[in-house]
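Engineer: Starting from the given sequences, assemble the full structure and let the hints guide the process.
Here the protein sequences line up with chains A and B, keeping their order.
First residue of the first sequence? That's 1 in my numbering, and the numbers climb one at a time after it.
First residue of the second sequence? That's 1 in my numbering, and the numbers climb one at a time after it.
Hints are supplied without guarantee of correctness; some may be wrong.
Pairwise CB distance ranges (calculated) [to be verified]:
id	chain 1	residue 1	chain 2	residue 2	range
1	B	A180	A	V57	48 to 54 Å
2	A	Q54	B	V66	28 to 34 Å
3	B	R9	A	S113	28 to 34 Å
4	B	G22	A	E77	31 to 37 Å
5	A	R195	B	S113	56 to 62 Å
6	B	V148	A	E13	32 to 38 Å
7	A	Q54	B	L167	58 to 64 Å
It should be emphasised that the hints constitute simulated quantities derived from the structure, not laboratory data.
Bear in mind the structure is a predicted one, so any value in this text is a computation, not a measurement.
Cβ atoms here follow ideal geometry from the backbone N, Cα and C, with glycine treated the same way.
There are 2 protein chains.
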Amino acid sequence: MLSYARPIRELIEQLERLPGIGPRSAQRLAFHLLGAGPERAENLAQALQSLHRQIRVCEECGNWSVEALCPVCASDERDRGTLCIVADAKDLVALERAGEYSGLYHVLGGVLSPVEGVGPDELRVAELMDRLERLDVREVILATPPTVEGDATAEFLREILGQFEGLRMTRLALGLPVGADLDYADQVTVARALRGRTEMSD
Amino acid sequence: MLSYARPIRELIEQLERLPGIGPRSAQRLAFHLLGAGPERAENLAQALQSLHRQIRVCEECGNWSVEALCPVCASDERDRGTLCIVADAKDLVALERAGEYSGLYHVLGGVLSPVEGVGPDELRVAELMDRLERLDVREVILATPPTVEGDATAEFLREILGQFEGLRMTRLALGLPVGADLDYADQVTVARALRGRTEMSD
Numbered sequence: 001m002l003s004y005a006r007p008i009r010e011l012i013e014q015l016e017r018l019p020g021i022g023p024r025s026a027q028r029l030a031f032h033l034l035g036a037g038p039e040r041a042e043n044l045a046q047a048l049q050s051l052h053r054q055i056r057v058c059e060e061c062g063n064w065s066v067e068a069l070c071p072v073c074a075s076d077e078r079d080r081g082t083l084c085i086v087a088d089a090k091d092l093v094a095l096e097r098a099g100e101y102s103g104l105y106h107v108l109g110g111v112l113s114p115v116e117g118v119g120p121d122e123l124r125v126a127e128l129m130d131r132l133e134r135l136d137v138r139e140v141i142l143a144t145p146p147t148v149e150g151d152a153t154a155e156f157l158r159e160i161l162g163q164f165e166g167l168r169m170t171r172l173a174l175g176l177p178v179g180a181d182l183d184y185a186d187q188v189t190v191a192r193a194l195r196g197r198t199e200m201s202d
Numbered sequence: 001m002l003s004y005a006r007p008i009r010e011l012i013e014q015l016e017r018l019p020g021i022g023p024r025s026a027q028r029l030a031f032h033l034l035g036a037g038p039e040r041a042e043n044l045a046q047a048l049q050s051l052h053r054q055i056r057v058c059e060e061c062g063n064w065s066v067e068a069l070c071p072v073c074a075s076d077e078r079d080r081g082t083l084c085i086v087a088d089a090k091d092l093v094a095l096e097r098a099g100e101y102s103g104l105y106h107v108l109g110g111v112l113s114p115v116e117g118v119g120p121d122e123l124r125v126a127e128l129m130d131r132l133e134r135l136d137v138r139e140v141i142l143a144t145p146p147t148v149e150g151d152a153t154a155e156f157l158r159e160i161l162g163q164f165e166g167l168r169m170t171r172l173a174l175g176l177p178v179g180a181d182l183d184y185a186d187q188v189t190v191a192r193a194l195r196g197r198t199e200m201s202d
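Structural biologist: The following block contains the structure:
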């Protein structure tokens, strides 16, 4: 019984370990890269090698960054009175993409999860407290995801941030996604959309 | 507006160019590789670099190979009287996996496709003729895929191989896939399964 030549097999094995890529996709990708010539594979290899060599964690907010400070923290055009706390750097990018926010961020590096052994010490909570003492923050947006664990994390932060007097604490609005079909929305989302209904302006 | 740091963006761009990987998956894969630490990305990078450095085309059959001859051509346990002609090296692996065939292969490198400008000169047809003159082949299995182009390629080969007297030429059977639901099979397949029906043995 013949199988793939060793270098092909090794590439398939590496690709299979990526999330969402099964044995068939891994095989298809490997043969695609074989057929596409050496340059494509080499470019991808170099992008992979640059990743960890060039990317580090922003000393201030925990975002991925090439410099010691990420572009948000380094910018002097951001409102330093608002701090948006996100679970993950991906969430930061999603918020930036919305183009609605001009404050600073703090990346926790996850959410509290007793099941997975993630407590406050595993998250960048001490760094958050330190920043709040240093900075002159008026509002903290608790933008952890609207899941059980994200809600629990926001609740935990609300409690420990209570020590900063006069600090406004907000959470992202829940409701129907824009463009959604009411019929397809889950009942919890519809309930939250009803509860959070807003006055129509003229 | 902030986007991903450049090394992340470059990896996402490279990943997006792979078949079946859209912007969202590329983003998810890049962040997975960031989170998984440098070793995973480095291993994948090395597998990619080894691919074209170590893999070449078997001088004899056109299969992917590390050596000058692929394992099938180099083996002295294969039946050298049977030659199975496949469009692609992937098809060769699929046939090997079935564990039913012990002859040699010939990889065409595609199928005839006037639309895409693939004629006999773009395929390894001259090499096939050369091998049939050199080798002592009794049977040729035309295992190009059961598609319009694969059928046309098999038909083309049947004609030009007519010059080899006494050469048996066969084509893979068409019918229902094992385990298939008749109800879900397309009508052309059901028609071929009926036409190709076989006697039940005791």
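Engineer: Next, verify each hint and record whether it holds.
Structural biologist: To see whether the hints hold, each was checked on the structure:
no.: 1; hint: B/A180 x A/V57: 48 to 54 Å; verdict: holds (52 Å)
no.: 2; hint: A/Q54 x B/V66: 28 to 34 Å; verdict: holds (33 Å)
no.: 3; hint: B/R9 x A/S113: 28 to 34 Å; verdict: holds (30 Å)
no.: 4; hint: B/G22 x A/E77: 31 to 37 Å; verdict: holds (32 Å)
no.: 5; hint: A/R195 x B/S113: 56 to 62 Å; verdict: holds (59 Å)
no.: 6; hint: B/V148 x A/E13: 32 to 38 Å; verdict: holds (35 Å)
no.: 7; hint: A/Q54 x B/L167: 58 to 64 Å; verdict: holds (59 Å)
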